[in-house]
Every structure is written in structure tokens, then in C-alpha cells.
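Hints in hand, dock the two standalone chains.
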Amino acid sequence: MSCMASFPLLSRVLHWLMAIMILAMLFIGLFMASSVGPNYHRLVTLHRPLGIAILVLAILRLGNRLRSSVQPLPDDMPRLLRWAATASHLLLYGLMIALPLVGWGMLSAGGFPIPLWGQSVLLPSILPHNPVLWSWLRSAHSVLAFALFGLVLAHIGAALFHGLIRRDSVLRSMI
Amino acid sequence: MGELHDAGSYGHGFRRAYAKGVCVSGWFDASGDASHLSRAAVFHEQHVPVIGRFALAVGQPYAPDSAVTVRSMALRLMPPDAPEWRTGMNDPPVLPLRDARDVSDFFASQQIDPATGKPDPARMKAFGMTHPWLKSAADENTHRFVSSGFADDTFHSLDSFVLVAADGTRTAVRWAMIPMQSVEPGDGKTGDRDYLFRKLIGDIHDHPLQWHLVITVAGAHDVINDPSQIWAQDDQTVDAGTLTLNSIESEEGGPCTGITFDPLILPPGIQPSDDPILQVRSAVYMRSFSLRSGEKRSPSAVTPSLIQTSEGRKS
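Same order as they appear, the protein sequences are chains A and B. Our numbering numbers the first residue of the first sequence as 1 and each following residue consecutively. Our numbering numbers the first residue of the second sequence as 176 and each following residue consecutively.
Since the hints were made in silico from the structure, they are not lab data. Where hints are given, some of them may not hold.
Among chain B residues calculated to face chain A with C-beta under 10 Å, some are [to be verified]:
#, residue
1, Glu-259
2, Ala-275
3, Ser-279
4, Leu-439
5, Ile-440
6, Pro-442
7, Gly-444
8, Leu-453
9, Val-455
10, Arg-456
11, Ser-457
12, Phe-464
13, Gly-469
14, Glu-470
Where is the CB? At the ideal position from N, CA and C, for every residue including glycine.
Only chain B is shown next, with the shape it has when bound in the complex (with noise of 0.2 Å):
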């Protein structure tokens, strides 16, 4: 906690990662095709309810929103008559850390010089320089395709998990939330500091977005233990179902702000992998989320008033 702080994470309220977002809600469709993977109900039940909150990963709540930021996609799955599944995505395909260590030593790099109130460059090279494990999987995401917004990106897992089957059968999987809207490139080049956010009001406003969860089951030679291993490209896959997110509210009285995505939550016929980067996500979100409950919070960058102005737009 204290190295996020110190990597200029903001408090006052906010969550301590992935400050600057907004509350969405709708339902998720199984498509049955995993049902044999998982006896999971959110694999096997039609129209389970769904919050969310889509969200740039930064620690100040009020920054510009930026094409190269990554985007996080929450959700909260409640199936009427079974255990709720919460998980939390990012756009990037793999987690450039390892473990407790990479983490705390990638945020002791990213404190921020007091005297350029930005991170230094020299301590940044340093922990890519001393991590050389984690190379290929800066790279890769370095590299990755940026869509124009939330509404047409895709959002990974990260870390693996393992489904179990009625019979007890367990598979290691990771899965996607792949869009259904049509994907453009980003270009980024704008004045507006909540552009993506008012992109995304716009999108659904317009439409219901809707995203295949895509669900990847690990091949032989895939690192279960590891988000910062990519899996191989051949790696069956399994269509899940479909996400349909029709309505977004503020942060302000939102329905996903009491909550803490914690992405050891999960429904039987889900369980964690060995890897140690979902036991560090799950005690260090349950800390953000009991200091930011304390606090006296001020108003989110996402206003209800920026939500109904498109709407008003609109109608």
C-alpha cells in the first residue's frame, strides 16, 4: 500500500489503482458451450445480472485520459440462486510481473521524484534492467494494438484460473471479453481529458455493447502459474457467452463503487490457480477498498451531469 501511495496514487476516497472510472450494468447470457468446463451457474444460467465499472489504470482520479493508459474492465456476476462471481480484466494481453516481489519492486519504481513530480526514468530502466523475466511481456504489451475506447477493446484475465466440471474435472484457463462493436485503432490526438469516458457514455447510450467471453484452456506448454508468460496462439478455445452492458451510471451513487473487485471472489466451479499475482490482487484490493471507505471522497471526474448531457444529446 505504502508503494502505491508513494507511485502517486491519489486516496481522498478513490481507489488506490485504477482511480478514474464509471459504473455499468447489464446481464450475461451463457452460451452452454462451457458448461462442460465449468458447473459454475453463470456458464449455464440466461440473463444473470451484471455491474461493472470500466476504468483507466491510473492513480489520480482527475487524469487526462490517454490512448496508451490501460483500460480495466470490473464486472460483478449474480446469478439469482447461486455464489456471485466477481472479476477484474485489462486490456493488455499478459501482467508484466511475476509475483509479491516484481509487484513491490515495479511500484518502488514508479514513486515519484518530488522534484520532476513524475516517476523517475533512471529507477524505471533500472527495475526493467534487473527484471529481465519480465521483457517479453513489456514488450508484448508495448507493442499491442490500442482500439478508439472502452466500447471496442478487448479485456484480458491476466492471471489463470482452474474450472471445475460437474464430475470434478479441472482445467486451467484464462479467458477475454472480445467486442462485438467493430474495432478501430485509436488515434488519441484530442483536448478533451475525459474523451474516453464520454466516448463510452455515447456508445451506450447509442447501443447496448455486447462482448464474447472467450474462454482459453491451457495447452501443454503454457506457464499456468505466471501472468506474464503468453500462452501459445493455438490454445483451444471456448466461446462462454455473451455480455450485454446497457446502462452506465457515475461513480457518484453507482452501483459499482461499494464494492471491491477482488478476483478471488468465485462462484463454485471456478478456482484460483497457483499463481501468486491473484493471492497479492485480492489482499491489496481489500486494503485500497477499507482505506477509501473511510475516507471523505470528492466528486468523481465521470459526473452524473457528464452522463446526462449525452443522453440529453441524444434524445
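Isolated chain A, as found in the complex (with noise of 0.2 Å):
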């Protein structure tokens, strides 16, 4: 078997820390995009600044990445795996700053005021206030959010599949 270094303690926490906010993002954003509850507006508003915080982190994180050497998978991978895993972290990285991106936009589009924290620190708007956009970005949205769910769920197949069936170093590498 063999064996990989653990990724950077800065790489660890970071992505941690994102699968947290990241995972929670995604429940957050299904329950409030189809509840009329008594939590609705709680989640709508827990929802833009974490939704801008996982922006901000997966730039950091990028910058981190392009920066920091990458452990190289195990050999023995076949090739098939090997480009799945690339074109899955690629993916990943696109998503978690595409999909703010988009909300953010959406908001704009819709002439939406975009509180940030409380009612007095606003966003500014990065796209014209035109009604057509802001539900092709609403759509685009919801799709792009499933999209991160399934890619979600895929990783964590991954790193299950190579700590428990693999049994390599790759799970531990990020542990």
C-alpha cells in the first residue's frame, strides 16, 4: 500500500469547515425554498451571509490549492478513477463559488434589496435589475444546488470507498 502525507493542517481545516457550512447551505436552502413556515424568514436570513462566507472561504481555498503542492492518489488507481476524481474536484471547486455567485446575481436580477447582516449592511448589485434574468438565475439556482447535492454525495462515496473498501491513504490524508 502506499503511502501519502497528510494534507497541509490550513488545507484540512478549510475544507472541513466548508463541508460543515457547505453541508448545512444545502439543507438550508431546500427547506426555506420549499417551506411558507414560521422559519422561513429565520433561514432566508442565515442564508445570504453564509451563502457569501462560503464564497469568500472557497476563494481562500483556490488560492490555497493553486499554491500549495497537491498529494499525488495512490498508483495502483486506475485511470478511470483518476479522472473522475479530477473532474469531480474540479466541479466542486466551480460549485461552491458558482452557486453564491448566482444567488447573489439572482437577487440583483430581481431588484431584490440584499441584506447581508441585519437590515442596515447591504450587498450591491452585480447584475441590471431585469425580471426575465432573475428567474432564469432562480432556475438556474435550484439546478446548480441539486447539482452540488449529487456532487456531494459522490465524495463522501469517495472517501468512504477509499477508507473502507481501498483501504489506502487517502481518507487519512484529509483527516
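This is the structure in C-alpha cells:
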């Protein structure tokens, strides 16, 4: 069994912090988009700053990833799995950055004020007011969120595959 | 959304509820009398720009105007240097719905029967029987005074809100727009499908229309979290300022079409109360806005030419 060094501490902290935030975010989004109940407003109020925090962390993390060396995957992994690992990581980074931007953009296009914190701290609009664009981005936000949900599940599945079935050092390198 | 659709909402680019409407604009001048209750800029400033919409609470945008249909006034107040405030008000004094469950049951009871093209009276009656806590509100609205049109109507916030003063003091309130125009009773006998809108267009071209924003402070026994409960008659009221509307435009390209009047878009100094209907409205309006914005829209019943005709007649 090939031995893989652990990822740097900063990479691991960012990974697990964002894992918790993204999972929470996916469920907050799902519940608020399907609810008219008494927690709707609280969830929406939480969704915006959490989304922006994920955006900021994702950009930091992308910078960190490009700067630091990435541990190579074990030599004995089939080519298809290597390809899948690279592609899924690219998509994960893409969605972590795209989803908050689409959310921010859709509220801009919908002509909404975008409170970030409380009622006084507002985000600026990043797109012109355009209801057709708003509707399109609102749908895209849902589709991309479900795509991220699927990708997160595949990512967890792959981590468990490394840890429990292949029993290589990949899962351990992230802990 | 499904329940609204089955209750006869038209769709096709129109608002799912309050489908027949017209855009208006003007300004709001604070009197200063509410400035001790709320730090919101609108209660302190003069000439705050306003975009608004008058509408009938119908699912069908081409429905004929009727005196008994609920009328609404929705406003977007935009102080130049502070976050905006949006509010949607109706002319009945209370909302005979208490929470999300009532709303869902109500629209289910209003489902169009394919055989008659109308809601089934038995289902509507059953809704009344199974929701006895809404009876007093429904009676209040049934027996309400109906004015001759939009210009002499009073519009109520229905839901309660919390005003927050500069020192943090919180005050539960409701508000109403009380017309400064003289109030006439409506007769409702007319062959004109758009008579309410035609009258509004004539009135606003005649002279700017004005309302007092009157804030009612909750008394000791008033229920804050239930818009179906009537408040005491002797509550303290404050005249917060004057709304002036001097311009009217069709929804075709009008400034009120591409936005939603979400009642939870509130500036610092105004906060939601724990009234659950506020959250229902916010969530449902957002979904309606997203659906209609993606649809191809046919012309509004209140067309630009209807507005110009009246203008032409005046000059």
C-alpha cells in the first residue's frame, strides 16, 4: 500500500469547515425553498451571509490549493477513477464559487435589496434589474444546488470507498 | 403555489394573486410624529420617492372590476440614502387567515370546480365551518364599508410589525393609508369592465391623490401575531406623514411590474412581528415573482392607451 502524506493543516481546516457550512447550506436552501412556515424568514436571513462566507472561503481555498502541492493519488488507482477524482474536484470548486454568485446575481436581477447582516449592511447589485434574468437565475440556482448535492454525496461516497474498501491512505490524508 | 393555481390563478406572466393592476408613482413626506417610534428614514425625511401599484385581488388579470373585490395598494418607498421599504396593503381591515395552514386550507376551498368554472360553494362553506376562529374577521370584512374607488379607499397593513426607535425601544404596530380625498360609497352598478381603473386614472390626472399614513400602536390586549384579530378601537394612533401619488402608468413597461412587494423587505427601524402570515406572503410572493418573470406575458387589461385616452380627454 502506497503511503500518502497528510494535507497541510490549513487545507484540512478549510475542507472540514466548508464541509459543515456547505451541508448546512444545502439543507437550509432546501427547507426555505419548500417552506412557507414560521422559520422561513430566519432561514433566508441565514442563507445570505452563509453563502457569502462560503464564496469568500472558496476563493481563499482555491488560492491555497493552487499555491500548495497536492498529494498525488495512489499509483495503483485505475485511470478512470483518477479522471473522475480530478473532474469532480474541479466541479466542486466551480460550484462552491458559482452557487453564491448565482444567488447574489439573481437577487440583483430581481430588484431586491440584499441584506448581508441585519437590515443595515446591504450588498451591492452585481447585475442590472431584469426580471427575465432573475427568473432564469432563480431556476439555475436550484439546478446547481441539486448538482452540488449530488456531487457532495459522490465525494462522501468516494472518501468512504478509499477508507473502507480500498483501504488506502487517501481518506486519512484529509483527517 | 399549486393551491393558488387551482383556485383560478391565470399565470402567463401575471402575478398569481392581485393579477389586475396599474403602476403609480409619487412621494412620501414624513410628518415627524412617528420619528420617536422608529429610526426608519421614511419617518424622518421629506419627499421620499415612491413607486406603487393599485390592484384587485383577483387571479384573472382580465376579470371585470367589481365593487366587492378586495383592493390593494402596494408601495416601494426609496429614501436616497437608506434601505428601501416595501409594503402591500388591502382595503379590508383584517385578514381572515391566521397562519400557513389556514392559507392552504382557504385556497384549497377556493379550487375551481371544472363543471361550473367557479369554486364549489359547499367547500367554501365547509372552510367556514371548520375554521370558526376566523368567523369574526370574515364578518367584519363582509360588512365593511366599500368606497367608490381606489382614490377614496383606506388600505390596511393587515399584518403587525415592530417599529424600533433610535434608543432600541420596540413598539408593535399596524398601519393604514387613510385617503385625504372625500369618501363616497360605491354603487358598483356599471357595465364597464374596467370602471375602477378608469376612475383611478381620471382621478389621478385630475389632481394628485393623497393619503395619511396612520400608525396604530398595539394596546395591552391587542393580538400581535394574528392578522385575523381586530384591534381595540381606542388604540393610540400617530399620523406618520403624507403619501402623494401624481402619476399613473400601465403595467406594460411600468415601474411596478418587475418587482415584488414582499412585506419583509424592511428598512432598519421596521421589523417583522411574529405574525406567521408575513412569512407566508414573503415566500409565496417570491415564488410567484420567479414564475411570472419567466413567462411570456400578454398585455395588461389596463393598457397604456386606456391611460392616455383619459389624459387626452382631460387636456
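**Request:** Identify whether the interface hint at Phe-464 of chain B stands, where standing means a beta carbon of chain A within less than 10 Å of its own.
**Result:** Result: holds, 7 Å to nearest chain A Cβ.
**Satisfaction of the Arg-456 of chain B interface hint, Cβ to chain A closer than 10 Å** = 9 Å, holds
**Evaluation of the interface hint that places Glu-259 of chain B against chain A, nearest CB under 10 Å** = 6 Å, holds
**Interface hint compliance - Gly-469 of chain B to chain A, C-beta minimum distance less than 10 Å** = Check passed: Cβ of Gly-469 of chain B comes within 3 Å of chain A, closer than 10 Å.
**Prompt:** Do the numbers back the hint for Leu-439 of chain B, that is, is its least Cβ distance to chain A under 10 Å?
**Reply:** With a minimum Cβ separation of about 6 Å from chain A (threshold 10 Å), the hint on Leu-439 of chain B holds.
**Message:** A closest beta-carbon separation below 10 Å is what the hint needs, so does Glu-470 of chain B meet it against chain A?
**Reply:** 8 Å, holds
**Prompt:** Measuring from the C-beta of Ser-279 of chain B to each C-beta in chain A, is the shortest one below 10 Å?
**Reply:** Hint on Ser-279 of chain B: holds, closest Cβ of chain A at ~8 Å, below 10 Å.
**Residue hint Ala-275 of chain B, partner chain A, criterion CB-CB below 10 Å** = 5 Å, holds
**Request:** Double-check Ile-440 of chain B for me: the hint is only fine if its C-beta lies closer than 10 Å to a C-beta in chain A.
**Result:** 6 Å, holds
**Minimum beta-carbon distance criterion (10 Å), Pro-442 of chain B to chain A** = Hint on Pro-442 of chain B: holds, closest Cβ of chain A at ~6 Å, below 10 Å.
**Request:** Answer holds if the nearest beta-carbon of chain A is closer than 10 Å to that of Gly-444 of chain B; otherwise answer violated.
**Result:** 8 Å, holds
**Asked** Holds or violated: is there a CB of chain A closer than 10 Å to the CB of Ser-457 of chain B?
**Response** OK, holds: Ser-457 of chain B within 10 Å of chain A, min 6 Å.
Checked against the numbered hints above, the structure breaks none of them.
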